[in-house]
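Chains S and H, in that order, are what the protein sequence lines are. In the numbering used here, each residue's number is its place in the first sequence (first place is 1) plus 756. In the numbering used here, each residue's number is its place in the second sequence (first place is 1) plus 1.
Take these hints with a grain of salt, some might be off.
Listed next, the in silico SDA-like pairs over lysine to any residue satisfying Cα-Cα at most 20 Å (straight line) [said to hold, decoys possible]: (1) S:Lys876 x H:Ala112; (2) H:Lys312 x H:Met274; (3) S:Lys885 x H:Ala112; (4) S:Lys885 x S:Ser864; (5) S:Lys885 x H:Asn162; (6) H:Lys342 x S:Gln896; (7) H:Lys169 x H:Arg100; (8) H:Lys148 x S:Val895; (9) H:Lys5 x H:Val58; (10) S:Lys885 x H:Gln161; (11) H:Lys49 x H:Arg24; (12) H:Lys52 x H:Leu8; (13) H:Lys5 x H:Thr21; (14) S:Lys876 x S:Lys827; (15) H:Lys201 x H:Asn107; (16) H:Lys312 x S:Ala870; (17) H:Lys148 x S:Thr859; (18) S:Lys885 x H:Gly163; (19) H:Lys315 x S:Asn867; (20) H:Lys224 x H:Lys173; (21) H:Lys148 x S:Gln879; (22) H:Lys148 x S:Arg894; (23) H:Lys49 x H:Val39; (24) H:Lys52 x H:Gly36; (25) H:Lys95 x H:Leu60; (26) H:Lys315 x S:Ala870; (27) H:Lys86 x H:Lys132; (28) H:Lys315 x S:Thr859; (29) H:Lys148 x S:Glu897; (30) H:Lys169 x H:Gly99; (31) H:Lys315 x S:Ala868; (32) S:Lys951 x S:Pro910; (33) H:Lys148 x H:Met2; (34) H:Lys173 x H:Leu136; (35) S:Lys827 x S:Met757; (36) H:Lys148 x S:Gln896; (37) H:Lys342 x S:Asn867; (38) S:Lys885 x H:Asn107; (39) H:Lys86 x H:Ala72; (40) H:Lys5 x H:Lys95.
It is worth saying that the hints were derived from the structure and are not from the lab. Values in this document were obtained by computation on a predicted structure and should not be read as measured data.
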Amino acid sequence: MDAFEVLLGNSANAHGHLCPGQVVGVRMAMLGCRLIGLDEPTSHDQIKKLIVYVEMDRCTADAVAHVTGVKLGRRSLKFMDYGIMAATFVNLETGKAYRVVSTEEARSLANAYAPEIAEKHPQQLEAYKRMPDSVLFRVQEVRVKIDECDLPGPTRYKAPCSRCGQVVRDQREVIKNGAVLCRPCTEDTYFSDAKEVTWPDMNWKPGNSRTQGRQDTKITETNCY
Amino acid sequence: MLKKIRLEEAIGTKLAHDMTEIRPGEFKGAAFQKGHTVCNEDLCRLQKMGKNHLYVVDLDEDEIHEDQAAAILADALAGDGIVWKDEPREGKIKLMAGRDGLFAVNTAVLAAFNMVDEVMCATLHNHTIVKKGELVAATRAIPLTMKRAPIERAAAIARQNGAVLAVKPIRKARVGLVVTGNEVYHGLIEDRFAPILSEKVETLGSQVAGVTFAPDDAGLISKAIRSHLDRGCDLLMLSGGMSVDPDDVTRQGIRSAGAGEMHYGASVLPGAMFLVAYLGDIPLLGIPACGLFHRITVLDLVLPRMLAGEKIGKAELAFLGHGGLCKDCKQCVYPHCPFGKGA
């Protein structure tokens, strides 16, 4: 693994800014990988052995993902929306898993570790570099049971929605009163008031140039079921 | 795991911990010790102490008792020059100075340690001069029984920079004094700096190797400095000429002697016009005139720390500000006062 400062610099660039969360996230990932025995997680022979669960969608999550190389789309990054600054690192080969939790008290100790820096943000940033892992984190050894439908690899399961026909992959369909439904058809979704539309330049494909300007756009609604 | 039983049912069981009795103005201590087997005759006294129930301890594999925890913590906290005995009283273990010297606390690490819910450690102030055998700190776990892991985490935190607590020996320096000022040099007034500074140096166990007088002349001050260095002095003190008058040339004298690093000004009253300079590793201290009129000044805060091996630079002089105002009490009781305790 690269040195801390290198990892931090690259992670901050990828994320868009350098912040205390980046420092915590890089260190969280370094510790987690060390604990499960994967010291080069982005390398060819280790990348498929790692799954990381992040429990928050904050700067720290980006840093953890960047350092470990896990990605949503490769199914190696799992987002558990708990609102907790923690991540669990799973070694798929050995089955070992450790949950690394960022401590709240580290926040209060910023002034003790970097008293010469008066401004809050820079002080926190520097302090988080000076605190040892024992102060920044608590670690739990955990057991993580990963369902087959959550593992990386090609899609193993597909089911069509009995109401709208939408194909649902990876056993994410919902069974309601014996019927197989896609999530939108259960009406428990993040969006509402869905109406199908047509849109300008519908036949665009890579290689084409745009034929319509913004002023000409007209979005037509059609009634649909 | 703790089981709660009624007092009457406790006959024949062993006490899980020291039982503290307090009779205000008379007594505070262990009325009963951990492990004591409760008998009929004890019930009355226990009831008078307000006990209606007692705990019976039955530890799980991953749990420890407060006494075991205290020993784990004391071992982690105690650095060089600190001694302790594994004899917890009411769950507490005391840490003592193992030698004469300067008590040193890593305050950031102590804060991190004390942020762990299950533990505590209270200490004297950093930079306190202590004698061998003196109580400098005490530690204990807060719950009666607890999981081992948080205690071991607290111990790991305590060990992060070596150890939190230490007593550093105060070295015996060979001090060269340069008393500057035309009025003293030409005999117009009698010097009082040399006896005052010599007493402070000797009280700390060091020796004044030589006293030189110099007028307000940078060249002659520089020469006096060099002659002390040739004599083998490893710490220099220069008094007078530290203020803003045109005749105050002591700083120039120090610079001419070859001092590389200079920090002029300390966040302390009395003693704002104090100077710390270094010629290689040898410290040169510029002592302002307040040293003649105040029993205790910035010098008393800084000198023991230097002799204990601390490098005093800009940050150290700046951080003295909090607690750096002497209250100028009619009866000076330093060091048993707030002066200098904030750094």
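Numbers of the earlier hints that this structure fails to satisfy, in rising order | 6, 14, 15, 20, 21, 25, 28, 32, 34 and 40
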